[in-house]
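Residue numbers (my numbering), protein chains in the order written: chain C, 1 to 424; chain W, 425 to 848.
Hints were generated in silico from the structure; no laboratory data involved. Where hints are given, some of them may not hold.
Stretch-level coverage of chain C by chain W, calculated; a stretch enters the list once three of its residues show a Cβ under 8 Å from a Cβ in chain W [claimed, not checked]:
#, stretch
1, 50-63
2, 75-86
3, 147-160
4, 373-380
It should be emphasised that the depicted structure is a prediction, and the values quoted were computed from it without experimental measurement. Glycine residues also receive a C-beta, built at the ideal position from the N, C-alpha and C atoms.
Read off the chains here:
2 protein chains.
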Amino acid sequence: MRNNKKTGSRPTVVIIGGGFAGLKTAKVLGHSKSVDVVLIDRQNHHLFQPLLYQVAMAGLSPAEIARPIRSLLSRYPRVRVLRGDVTGVDTDAKTVVGGFGAVSYDYLLVATGVRTSYFGNDDWEKHAPGLKSLADATEIRRQVLLAFERAEAFDDPVIRKANLTFVIVGGGPTGVELAGAIGEMTRFCLSRDFRAIDPKLTRIILIEAGSRILKMFDPALSARATRDLESLGVQVWTDSRVSAVDEHGVNVGEERIETQTVLWSAGVRASPLAEALCVPLDRMGRVIVEPDLSIPGHPEVFVAGDLAHLHTPEGPLPGIAPVAVQQGTYVAQKILESIKGRSTPPFVYRDKGQMATIGRSRAVVESGRMRLSGFIAWCAWLFIHIYYLSGFKNRIFVLLQWTWSYVTFGRGARLIVDHNEDDA
Amino acid sequence: MRNNKKTGSRPTVVIIGGGFAGLKTAKVLGHSKSVDVVLIDRQNHHLFQPLLYQVAMAGLSPAEIARPIRSLLSRYPRVRVLRGDVTGVDTDAKTVVGGFGAVSYDYLLVATGVRTSYFGNDDWEKHAPGLKSLADATEIRRQVLLAFERAEAFDDPVIRKANLTFVIVGGGPTGVELAGAIGEMTRFCLSRDFRAIDPKLTRIILIEAGSRILKMFDPALSARATRDLESLGVQVWTDSRVSAVDEHGVNVGEERIETQTVLWSAGVRASPLAEALCVPLDRMGRVIVEPDLSIPGHPEVFVAGDLAHLHTPEGPLPGIAPVAVQQGTYVAQKILESIKGRSTPPFVYRDKGQMATIGRSRAVVESGRMRLSGFIAWCAWLFIHIYYLSGFKNRIFVLLQWTWSYVTFGRGARLIVDHNEDDA
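Between the sequences and the hints, there should be enough to build the whole structure, so can you do that?
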């Protein structure tokens, strides 16, 4: 197995997962001459997840927010990239096993993130897709666009109403972004393309179990976001809990909503690889890590990003990109210091704030005591997302795409691609 | 059924197929105030098929060569677009039936094109995808990129060799374009991204049953294209016929080639809708049309584009975009004249020439007595394809994408997107 081949006596760091945490660790270690790195991911691309909803809403193409991990790491000769599924981790034998064979490590970082959770109702998944991968996003795009096509083709008012009703479950940032984008799409982009239907008749319902949306933000910003959504035609239902999802609609408490499109952003649970580490997990299946992000009993094994549950006085850290990036940097530095026999202070998260966007020109931003909303917040959101988008070329293209969309109210990537279908 | 609703006394023209022919007819009729138009397609997008191989080879994103048919026709208020499968045509009742219901017509254009043909060996399809739709292109992209990933992950020289061997069957323009693009991709783009393999060891074999590739071109241009392909590392096997395709490779006469990637561009057959018209078909299943592109006995039913077989002294017209566009224009004018009670001269194809590209800076072009090859031909190819690409915005983006690829030797859209997979 070539993957075990050691070059000289440098320690080998294996990274599982090429998201924000794993990629950052690989890049920092790639600059060092003292380690070999193997990064393993089941996808060949790193995904800029904060913009994934834009792909689902036909605003951007998949290639604009995803780049091959190999390309992102091609300048680091001591970093190897393997594509494949990891099926097991043996922390005693220090080995990772998967479709690619077995790889030995001296240090291990597990950063495989989270997936959509249906709270035990896994049969809801086929009627209510979540938004975690490019395949999810193109599937959501297909469903939303198909609903409009059906509304155009069928005259029956019941069919038409069900196809023009969109339900988004979960009032966190992703749910708010999806609801805002559908509102905007129906009001501005689709109205000129259809003859038989008026896309303005669309019903968009955002369902949140808690008492307000964006509950991690200041209440004033939640209220503002609710008003902004309502101005885009979105109904915000708080204190509402979904009790059933089927192919024709959802039940919310006593109420029945007939709809062809339910999008799920209500919860996440940890990647199942967490269980392979044989250490305590939290209720969501995330690994409860030590203050230095290692796991109990194994100072050479780290967990970072969404998969890690790090106790802080304010509760566990949120599953957002800045946490993952800072943890990725920390783990790399920790490993380099450890090789030199030095100790490192515990990980500390530097909170730069949080943001969510609502449609094409509004957002809410919270950073320390600063709170922004409306267009100025949207500008801040735009600037930060373009700035952090991996890869120079993607940045230019996304900026051009957005400028174009902004000026023309168009949606560039409105493609319905059917797979495994006869092309009659 | 709303689709039957007549607005005033204008005749209704139904167009089946939103390719080059159908879209052109819809646009020309859209300018007229004397007809209602219904365009039906099973896809929601018009595809710029001449650049489809670029999507398969990760040079362009799907959205750069495809646009929603609705958007392309949104400025014409009397043109309606329906997405759906047509299951039947009744030329006596003048009705088209499909998933959307029944639509009555006064004039009908059938322009549903052709699909890949395996000459009766339909079981080869799952091992040797053809290139006709966006789904085909992203599947080919996935297969080619996965072959490189496997070659990187496995040390076994037999597995590696099979994964680095690419077989393209059919030496027409699509086969030549695919082979050239793989040659270029391996030599320039992938070599810097892999550690364990040398992508330059790739074997690319183009198999042609006839005595030369690009047989519709002048023999001197065929010879030049062969030399250009060889300089990119492509082996051109002429007078070779594939006798078997299975999951581990292909048999070519007595020879066996072990490979994980076989791409098929050896033949086409007509869309099965042709049979619904109950008129004589040619050997490939295409409709043998009258000189005015109507079908025998039904002057109100037309067939255009790849699906039409029009006799000319030089044999049937080739299945290329310029023929489809000219026929689309002709059918629209023919219908408008017919409404006014006037007759029209037969369709005449104005041959502007033909071209094929080989890699990133070479092509062959033939127009009348003019024959070009090499870089100057490639510039002509580039100019014409950018010029005809539907939609102003796509043109700008493709030009930027290509300029970027040309300068950096990069491949922007190297994404492997798995569908229906658990995202562990």
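Claimed coverage, the stretch 50-63 of chain C by chain W - three or more beta carbons nearer than 8 Å: Holds, because 3 residues of the stretch 50-63 of chain C bring their Cβ atoms closer than 8 Å to Cβ atoms of chain W.
Assertion that chain W covers the stretch 147-160 of chain C - criterion: three or more residues, beta-carbon distance below 8 Å: Holds: 5 residues of the stretch 147-160 of chain C have a Cβ under 8 Å from chain W.
Coverage claim, chain W over the stretch 373-380 of chain C, checked by counting residues with Cβ within 8 Å (three needed): violated (count 0)
Coverage assertion for the stretch 75-86 of chain C with respect to chain W, Cβ distance below 8 Å, three residues required: holds (count 7)
Against the hints set out earlier in the document, a violation occurs for number 4 only.
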